[in-house]
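Participant: The listed protein sequences correspond, in order, to chains A and B.
Counting in the numbering used here, the final residue of the first sequence is number 703, and the numbers go up one at a time with none missing.
Counting in the numbering used here, the final residue of the second sequence is number 327, and the numbers go up one at a time with none missing.
Treat the hints as calculated values from the structure; they're not laboratory data.
Hints may be right or wrong, so weigh each one.
Mimicking DSSO-like on lysine-lysine, the simulated pairs with C-alpha atoms at most 30 Å apart in a straight line are [as the list claims (entries may be wrong)]: (1) A:K446 x A:K483; (2) A:K446 x B:K275; (3) B:K213 x B:K135; (4) A:K446 x A:K592; (5) A:K355 x A:K483; (6) B:K275 x A:K592.
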Amino acid sequence: MKADDVLVISNASKVFTMRRRSLKRVSMTAVDDVSLTVRRAETVGLVGESGSGKSTLGRAILRLLDLDGGRILFEGREIQGLNERVFRPLRAKIQMVFQNPVTSFNPTMTIGQTLVDAMRLSRHRTLKQKEQRALALLDQMELDERFATLYPYEMSGGQLQRVALARALAPEPHFIFLDEPTAALDMSIRGQIINLLLDLQRQSSLSFIFVSHDLRVIRYIADRIYVMYLGQVVETGTKHAVFESPHHPYTRALLAATLIGQGGRDEVRRAEMLTGEVTQRAHDFAGCKLYGRCRYATERCAREPQVLRAVAQDHWARCWRAEELARSGWLVKGSAANEEPLSGFRQVAV
Amino acid sequence: MALVDIQNLHVKFHVGHDTVYALRGVYLQVERGARTAIVGESGSGKTVTATSMLRLLPPTARITEGRILFQGADLLALSENELRPIRGSQICMVFQNASAALNPLYPVGQQIADVYRQHNGGNKREAWQRAVEVLAATGIPHPEDRARNYPFEYSGGMAQRAMIAMALVCSPQLLIADEPTSGLDVTIQVQVLDLIQEVVEKLDATLMLITHDIGLVSAVCDRVAVMYAGTVMETGSVSQVLGRPANPYTIRLLECFASTSGEKMPFIPGRVPDLREQWQGCSFAERCPRAQDICGREAPAVREVETGHYSACHFS
Numbered sequence: 354m355k356a357d358d359v360l361v362i363s364n365a366s367k368v369f370t371m372r373r374r375s376l377k378r379v380s381m382t383a384v385d386d387v388s389l390t391v392r393r394a395e396t397v398g399l400v401g402e403s404g405s406g407k408s409t410l411g412r413a414i415l416r417l418l419d420l421d422g423g424r425i426l427f428e429g430r431e432i433q434g435l436n437e438r439v440f441r442p443l444r445a446k447i448q449m450v451f452q453n454p455v456t457s458f459n460p461t462m463t464i465g466q467t468l469v470d471a472m473r474l475s476r477h478r479t480l481k482q483k484e485q486r487a488l489a490l491l492d493q494m495e496l497d498e499r500f501a502t503l504y505p506y507e508m509s510g511g512q513l514q515r516v517a518l519a520r521a522l523a524p525e526p527h528f529i530f531l532d533e534p535t536a537a538l539d540m541s542i543r544g545q546i547i548n549l550l551l552d553l554q555r556q557s558s559l560s561f562i563f564v565s566h567d568l569r570v571i572r573y574i575a576d577r578i579y580v581m582y583l584g585q586v587v588e589t590g591t592k593h594a595v596f597e598s599p600h601h602p603y604t605r606a607l608l609a610a611t612l613i614g615q616g617g618r619d620e621v622r623r624a625e626m627l628t629g630e631v632t633q634r635a636h637d638f639a640g641c642k643l644y645g646r647c648r649y650a651t652e653r654c655a656r657e658p659q660v661l662r663a664v665a666q667d668h669w670a671r672c673w674r675a676e677e678l679a680r681s682g683w684l685v686k687g688s689a690a691n692e693e694p695l696s697g698f699r700q701v702a703v
Numbered sequence: 012m013a014l015v016d017i018q019n020l021h022v023k024f025h026v027g028h029d030t031v032y033a034l035r036g037v038y039l040q041v042e043r044g045a046r047t048a049i050v051g052e053s054g055s056g057k058t059v060t061a062t063s064m065l066r067l068l069p070p071t072a073r074i075t076e077g078r079i080l081f082q083g084a085d086l087l088a089l090s091e092n093e094l095r096p097i098r099g100s101q102i103c104m105v106f107q108n109a110s111a112a113l114n115p116l117y118p119v120g121q122q123i124a125d126v127y128r129q130h131n132g133g134n135k136r137e138a139w140q141r142a143v144e145v146l147a148a149t150g151i152p153h154p155e156d157r158a159r160n161y162p163f164e165y166s167g168g169m170a171q172r173a174m175i176a177m178a179l180v181c182s183p184q185l186l187i188a189d190e191p192t193s194g195l196d197v198t199i200q201v202q203v204l205d206l207i208q209e210v211v212e213k214l215d216a217t218l219m220l221i222t223h224d225i226g227l228v229s230a231v232c233d234r235v236a237v238m239y240a241g242t243v244m245e246t247g248s249v250s251q252v253l254g255r256p257a258n259p260y261t262i263r264l265l266e267c268f269a270s271t272s273g274e275k276m277p278f279i280p281g282r283v284p285d286l287r288e289q290w291q292g293c294s295f296a297e298r299c300p301r302a303q304d305i306c307g308r309e310a311p312a313v314r315e316v317e318t319g320h321y322s323a324c325h326f327s
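In isolation and in its complexed conformation, chain A is listed as follows (with noise of 0.2 Å):
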């Protein structure tokens, strides 16, 4: 553990039991041996599509559920098994921002109330401190002190949701778990809530983790990045690794759906696309877990388990093949001479 590491998650797993029709008992591994480190004032974005196991490490990360097995430290120290007594203190520390804005407010209180409330623990403050506390956290989302008298249903997506950052903020936390929080949010105000976080993480040396599936948002925000696949973590390293130099084909994958459309040679990002569906069966398959989906996969897939290994300097990926992926080019890279973006993307970004 590092001086600057704020979280430390190593070796983390959790497996839920579900009975099924037949009452047979069925296990699903939703965290697979997951390691992650968080650093001081950076973010780590989450990527992975539905059954990745990102809520379930957030949930763990909050103590909202106990994993099986591995460590969670926090500021060195370790939060798993403690205690509600214990932690409560740390809650302060560790907030999170939930994905719907609308159905995480308590419908009955003002946005004042709800914003004096989220200081509930910090028992060094009058009410009346806590009060100016949550104007001056208002005003810093831009958002002008009416609101604190108006109730949820009062307020739009895109200002509730700077609502939701200021309860967050309001404890005064060090970390802030942030789950897909523009989603919900429709595209022209999305980089509001972007903006105020870049901007908080400059203030304040806050950290982050950055949940979603929208890889331009991540690409903004991220500093490091995480792709998770089926609870285990395919790919990792820094943005610019992962975004340049994609190394694992689910990674590539991602990235070429969302470039489809993006101007330039569709037909180079459909031939990474997986095929299929995530089944049952791959659950606890055997070899990678990909295998199936996976247009690069052999018969050595589906035999061996893959593990994460370093492929460059601060770059890891799970996949014998990731050297020889990377080295057959990058279709956002690999063919800038055929890569036009539509000329008004080009035109407007001016």
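We have chain A; now place chain B onto it with these hints.
Facilitator: Leaving out everything else, chain B in the frame of chain A:
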């Protein structure tokens, strides 16, 4: 003659004591064989426009003005009985949340077979056979078994495939796809879009794709209409609207999509106007960087900025 010609469509909703003016004079033409995208953010009226065409609006809604011509006949003037043969067999809709659009109490194959019999007749065996065929055609593995499954046994992507299969069984002239990929994983989205394109091609049908994702537009469509607060702001070919946007709203929206790096991520300040209110001027005036006095006073007329490219703005 355009296959679909929507003229001056006004729709309002009665919600409690409030009236929400959802559509405020929508004009839209869809040519036969075209693939038209309707793009807009939440509350822009894109879904209301589409559901008005099938007259599937909720009971709180009322169409107060306008005409929807389909092959020259006004859909709004038809009786429920006259409309029924058009719904499904000539105009088909694929909904946003496919799992919720299927009946949870019947096997998926049964539902497709029922639709087939409703429009084509035939006996149950034949209809079932046909249902299995279309499920196979939409790429569902083991279609014979899958046809007997209930919707909850389908994943989101498969449910959407089944919805498309249902459209396929009717061979409609117009397929309306309302956010067909939202809620699906990114890698599945591409598969579903490919399937929709394939089906449209096979049926030689016209496609209306409703989406908030501009990325999909250029991948799938050749025409696009941009909506904002209940009106159409700009229409034209994809290369015109995305390549040479004329309307300030489109320009700002594209900025939000296009940028991938920089100090600040672009956004449009302000918020969408309250649809319970009525106003005189341009609906984007409050957020528009180019707005002048006239924009607050007068609703802009639609003008042709180049052949086939229209924009509703005083200054475009």
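Participant: Indicate, hint by hint, whether the structure satisfies it.
Facilitator: Status of the hints after comparison with the structure:
| no. | hint | in the structure |
| --- | --- | --- |
| 1 | A:K446 x A:K483 | holds (17 Å) |
| 2 | A:K446 x B:K275 | holds (27 Å) |
| 3 | B:K213 x B:K135 | holds (25 Å) |
| 4 | A:K446 x A:K592 | holds (26 Å) |
| 5 | A:K355 x A:K483 | violated (34 Å) |
| 6 | B:K275 x A:K592 | holds (17 Å) |
Comparing the model with each numbered hint stated earlier shows that hint 5 is the single one that does not hold.
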